[in-house]
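Novice: Input sequences plus hints: build the corresponding full structure.
Each chain, written out:
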Amino acid sequence: MRDRLLLFIAALRDAGLEVSVGETLDAMRAVGAIGIETATFRETLATTLVKDEADRPAFDAVFERCFSLPERERGRGQRRRSVADGEGHGPGQAGTTPPRTPASTHRRDEPRPPASTRQQAKRDRHEEHLDRRGKLARDRALTRMPFREMSTADVEACEALLEILAARFRAHLSRRQRAARVGRLDLRRTLRRSIATGGVPMDPAVRHRRPGPPDLVALCDVSYSVAVASRFLLSLLAPAATFCRRVRLFAFVDQPVEVSLERGDLVPHEAIDWHARSDFGNVLTTFWERNAPLLTRSTILLILGDARNNRRPPRADILRRCHAAVRHVAWLNPDPLARWNTGDSVIAAYTPHCDAVLAATNLHELSAALRQTFRTL
Amino acid sequence: MTSSSELTPALVRQGLERARYLTTPRVETVLYLALALEKPLLIEGPAGAGKTEIGKVLAEILATELVRLQCYEGLDEAKALYEWNYQKQLLRIQADRAQELAWGEVSRHIFSHEYLLERPLLHAVTAPCKIVLLIDEIDKADEQFEAFLLEVLSEFQVSIPELGTVRARHRPAVVLTSNRARELSEALKRRCLYLYLDFPGLEIERDIIRLKIPELSERLRDQVARFVNGLRKLDLRKTPSIAETLDWARALRALQITELDASGIRQTLSLVLKHEEDLRRVDGKIGSLLASSAR
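These protein sequence lines are chains A and B, in that order.
Heads up, this note's numbering is the position in the first sequence plus 128, with the first residue counted as 1.
Heads up, this note's numbering is the position in the second sequence plus 632, with the first residue counted as 1.
Hints listed in this document are in silico derivations from the structure and should not be mistaken for laboratory results.
One thing to keep in mind: the hints can contain errors.
What the hints assert, rightly or not - So, partial list: chain A residues that the calculated Cβ filter (under 7 Å) puts toward chain B: (1) S148; (2) T168; (3) K179; (4) E181; (5) L315.
As the list claims (entries may be wrong) - Computed far set for chain B versus chain A, every beta-carbon distance over 12 Å: (6) V790; (7) L852; (8) I874.
We put the CB at the ideal spot given by N, CA and C, even for glycine.
Specialist: Take a look at the structure:
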C-alpha cells in the first residue's frame, strides 16, 4: 500500500500539484488512521494532499487513474445510464472527471430509467460542484498563464479576474495605509523604557507616522510583444489612484505619451505610433526632458517593459538620474527570467539604477510584484 | 471528554448528529482525521456555508471549551497571544516603592502571571484540557500575523521572555476558516488539513430546514430549498447563506405563507438577497426560478 501511495503522489506531482514530504507523511498517517474504505479513502487523501480547491479536478483525475481500475466497469455503466437519461450533463464534462463514486448505499437498487428526485438532486449537486471547481481551476490557470501565450479569448476571460485582483490589491493598500496612520503613544515601549528610570516614564515612545502618500508615475511599454502585460498593469493600478497623491500614466513604444484609463480602455492624450520599434533610450530621454518635474522624492516610478531595445543606446545614465530624484524605481519585466539579457535585451544595463527588477510574466507575478512595490508606501 | 485514542469515525458522526449539524460524508471524514491526527484544519468556501459553525460543533463533540480568535486587519501578537497589564504593573511599582523594596523583588512581582493578560492563543495553549481553538477569517489578518501563527501552530508553545516557554499540555483542536480574500501562504496550507466547504446541496439543505424549523410544511420546505439552490446558480454579488435560507423560511412561516408564489417572494426576498442589484436582477427571473423549483 505504501508503494502505491508513493506512486500516486508521484503522479500528483507530475500533474502539477505541489506535494511536500510532510504532506506525504500526513497522508500515510491519515490512511493508517482511517483505513482504506473506498468512500472515505479519496477524501482522506484529498484533505491531506490538496490544499486548494482549484487543484481538486486534477487530483480527482489522478485518483481515478491510480485507484479505480477495478471499478472502471461500474463507472462506465453509470455514465452510459446518464446518457440514456438524455438530460442534465452539460458539455465539457464528458472527457474530464468521471462522476464521483456516490456514497455506496443507494446505487445498485435504484430504479433506473425514471430519474428519481434523489438521483436528479444528486446530479444537480454534482454539476454545481463541477462548475464551481472548474471555475476556480480556470481562474488559477489564467493567473499562471504567461502573457505571451494568451489568446484574445484568454485576455477577455481575464477581465473578471482583473476585477478581483484589483479589489484585492486595493484591500492590501488600504490595510497598509490604515496601519500607517497610527501615530500614538506606545504604552508598551514607554513602560519598557521607563524601567531604566526606576519606573518613571521619562521618555515616552511614540509610534511614528510613516511618510505621506506617494506620487505614482508609470511608464508602460505598449509595443506588440508586451501590450497585454501593460494593459493588465494599468487595470491593476486603477485602485492605487486613491492611495496616491498624484498618478500619471505614460505609454510608450519609442516615445512616451501620457494616457488615462477610462472604463478599462486606454486613452492616449496624443497619438501613439503603434508600429514603431521600441526605443527605451529615447523614451527615457524624452520623458526626462519633458516630465522631470514629476519626479520628486515622494515618487514611485514604475516601468514595465522587456528592455528589448533593438540595439539602440540604452541611455541607462538617464535612468540613474531618475533614480536619484525619486523614492523608488521598480522595473517590471514581462520577459521570462531565462530570456533576460539575451538577444537585444539590455535589462542588465538598467538593473543597477532600479530598486527592484521583478519578473512579471503572468498575472500572478504581476500582482505580487505590485504588492511588493507598494510595500515601501 | 473524549480522548483521541478512542475516537472513531462513527463517534464523530454521532457527535455531529447530536450537535444537530447535518453534512456530507466528506466533511465527516475530514473532521475525524483532523481530530485523529491532531492537525489544524483549514476550511475554505463561500460565505455562509457553515465554516465557523464547524468550530462550534467540534467543541460540542469534544464537550469542551471553544476559544475563538476573530481575525481582522491589524491584529497583532498583543491582541492574539498575551499582553502585560501595564496599568496594574505601574500601580504595583508605585506601591512597592512606598515599601522601599529592592528592584529584584519588584521585577519578580511585576513579571508574574498575575500581570499577564491572556489572549486567545495563550489561553488555548495553557488550557488544562483539550479545547477547540477557532481562528476565524484568517485571510483578514495581515501576512505577518500569518507567519507568526505558523510558529504557534507547529509547536504549540509560546515563549514569553520574562517568564520562559509555555508548552501546551494538551494539543488544542484548531480550526481555521478563510473566505479567500487573499491567498494564504503555502507554508500555512502545508501544515493544515484542507477542507473546501461548499453549500451542502438541495437534499441536505432541505433536511437542515426540517431540523431547525420542524413546523414548516414539507411542501414549502421543498420549495424554499429549491428556490435558494436556484438562486445560488445565478451570478450574484452575494449568494444566500444557509442561515439566510433559514431566516427566510421562518419569515414565510410568520407571514403564514403556505405556498411560494411570485408576490410572496417579492415581499420577502430582501431577507435572502442583501444587494440592491441582486434583487433587481432576480426580480425578472422569479417566474423561471419558481417554475424550476416547482418540479
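Novice: Run every hint past the structure and note whether it holds.
Specialist: Against the structure, the hints:
1. S148: With a closest approach of 5 Å, the A:S148 hint holds.
2. T168: holds (4 Å)
3. K179: Given a least distance of 4 Å, the restraint on A:K179 holds.
4. E181: Holds: closest Cβ of chain B sits about 4 Å from A:E181, inside 7 Å.
5. L315: holds (6 Å)
6. V790: The assertion about B:V790 holds, with a minimum of 17 Å to chain A.
7. L852: holds (17 Å)
8. I874: The assertion about B:I874 holds, with a minimum of 14 Å to chain A.
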